[in-house]
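**Q** What follows is each chain in one-letter form.
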Amino acid sequence: MTAARLSLGRIALNGAAMLSLGFILLPLIFVTWLAFFRQEIPSFPPEGYSLRWFSAAAGNKAFVDGFLLSLQVGVLSTLIGLMLGVPASLALVRHRIVLGPALNTFLLLPLVMPGIVLGTATYVFQIETEIATGLPVLGSAGGLVAAHTLIVIPWVVKLVTASLVGFDRTIEEAAQNLGANPWTTFWRITLPSIRPGLVAAGLFSFVTSFGNLEMSLFLVGPGRITLPIAILQYLEWKIDPAVAAASVIQIVLIGAAMIVTDRYVKLSRVV
Amino acid sequence: MSMTAPEPVAGARTSLAGMLVLPATILVAIGLIGPVAILFRYSLNQFVPGQFMVDGLTLENYVKFFTDAYYLNVLLRTVRVAVICTLACLIMGFPLAYVLARTQSRFKNLMVMLVVLPLFVGNAVRAAGWMTAFGNKGAFNASLLGLGLIDQPIEIMFTENAVLIGIVAVNLPFMVLTLQSVIEGIDRNVEEAAFSLGAGPVAMFRRVLWPLALPGILAGTILTFILAMNAYATPVLLGGPKFQMMGPLVYGQFAQQNNWPFGGAISFILMTATLLLTLAANLIVQRRYR
Chain A
-4 MTAARLSLGR IALNGAAMLS LGFILLPLIF VTWLAFFRQE IPSFPPEGYS LRWFSAAAGN
56 KAFVDGFLLS LQVGVLSTLI GLMLGVPASL ALVRHRIVLG PALNTFLLLP LVMPGIVLGT
116 ATYVFQIETE IATGLPVLGS AGGLVAAHTL IVIPWVVKLV TASLVGFDRT IEEAAQNLGA
176 NPWTTFWRIT LPSIRPGLVA AGLFSFVTSF GNLEMSLFLV GPGRITLPIA ILQYLEWKID
236 PAVAAASVIQ IVLIGAAMIV TDRYVKLSRV V
Chain B
52 MSMTAPEPVA GARTSLAGML VLPATILVAI GLIGPVAILF RYSLNQFVPG QFMVDGLTLE
112 NYVKFFTDAY YLNVLLRTVR VAVICTLACL IMGFPLAYVL ARTQSRFKNL MVMLVVLPLF
172 VGNAVRAAGW MTAFGNKGAF NASLLGLGLI DQPIEIMFTE NAVLIGIVAV NLPFMVLTLQ
232 SVIEGIDRNV EEAAFSLGAG PVAMFRRVLW PLALPGILAG TILTFILAMN AYATPVLLGG
292 PKFQMMGPLV YGQFAQQNNW PFGGAISFIL MTATLLLTLA ANLIVQRRYR
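Top line first, the protein sequences correspond to chains A and B.
Residue numbers for the first sequence follow the numbering used here, beginning at -4 and rising by one.
Residue numbers for the second sequence follow the numbering used here, beginning at 52 and rising by one.
One or more hints might be untrue.
[Unchecked claim] With a cut-off of at most 25 Å between alpha-carbon atoms, the simulated DMTMM-like pairs for lysine to aspartate or glutamate come out as follows:
1. A/233 / A/60
2. A/153 / B/211
3. A/261 / B/235
4. B/159 / B/238
5. B/188 / A/35
6. A/233 / B/211
7. B/159 / A/60
8. B/188 / A/231
It is worth saying that the hints were derived from the structure and are not from the lab.
Everything numeric in this text was worked out from a predicted model, so none of it was measured.
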């Protein structure tokens, strides 16, 4: 009796869990379905299926330019974020610095800051910088990279500190006893052992930058927009299979990046 | 640990540590604190139509927000939407988080990836999915009409319900992942102990799992609440131009009205509300789990 009730409860629990998972995935399923429609109007059931919208998306200049800009900004801000964030994480975990925990919280701050507020604040800051220096900051790729680096740093610090905490320092001491200098120890011992954390940090940083919408909205200039904003602006005008096809390309690329990353580090362990 | 370290070495290491942590700290300080300070300064300026922004030291932008019923309604609507979405995320997220945390299945990693993927794909793409479903001839109305459940298409697109559904779907993965990591940290034996002492599943959940998971529940609730308060793409695309929330309101003041002082003030009201809530929730957690 109890066992039967328990297993009934288990079925209900699993059912509720699968419903939630389905709900999370539903929009992606719909947008993928629409990308293969033959007709332009998103009316169900479709009149037929076609692949022509993928070439339409690939021929749309806003999408292609947006994709290239997002890629460029994502790669650059991830690299700069790693170069700044990894040393900071090392210092925070390894050394007792004055105000260490406070510094750690401080570096995570861009993550809890609402995107819209960050966007408006960065916008006025870049305008002031332009006035002060005379350099064209606002709407430039450099301005975007600088802003994206800011939101990438928390992910690097968070994930790299997590992988450093469980790290056995005696291996490093062994390397130094065998004559390795601190630099060699860092390159040959420390860095390879925290590779899962680095890979996860790189993936999260890139995806955070690539998909960022709320902050970039304020920072893009005419003729220079990122892919999420190109998609948003298109959708404000209309929804059709072409924009769905562009979305599907993005879903597939990000999915592929996740599968590749998963070979180095199990995603279920880092998120 | 470093108590035993020889003094001179510790000193040299500390300065090295400072050099390592400094660049990132400077970037965050300049890139975050600087802009927020300038934004606050802007919010005290005056907006004179035709003259753009005039330097000043006035609270009139804040007064304007809190005395105008239109703006107060936008704030109230935003808070209402955020509260409903957060509760829905908690209710829908807990079962999935629990199953993900406790499962021994070899599909666990796949399921986690399926939760993370939509998160990575971005809000605009997911809004596009709902736009496909919600239209008059969209998937929902077509299936309901086909099944004979309704004979007129129901209005979903450009309603509050559409925005609610959209934001819940956007925020649910954050809630699930936060809860999952907390539940994984709870020893399974504690649950078994409750069961062997005669507790039913409901009692076990209420008396054991819920209290132990409370820090994570609060963390997930705060995160989803902040995200819902600041939603932009979902209300713009699914709510339409008439459905105003705080995020689109801020953007409109900057991009369409060119009223930076007022836009800055709304931004600050939004941020202050967010920070106060985070602070309050942290204090509650710390008081209970010192």
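**Q** Going through the numbered hints above, which ones does this structure break? Give me the numbers in ascending order.
**A** Checked against the structure, the hints that fail are numbers 2, 7, while the rest are satisfied.
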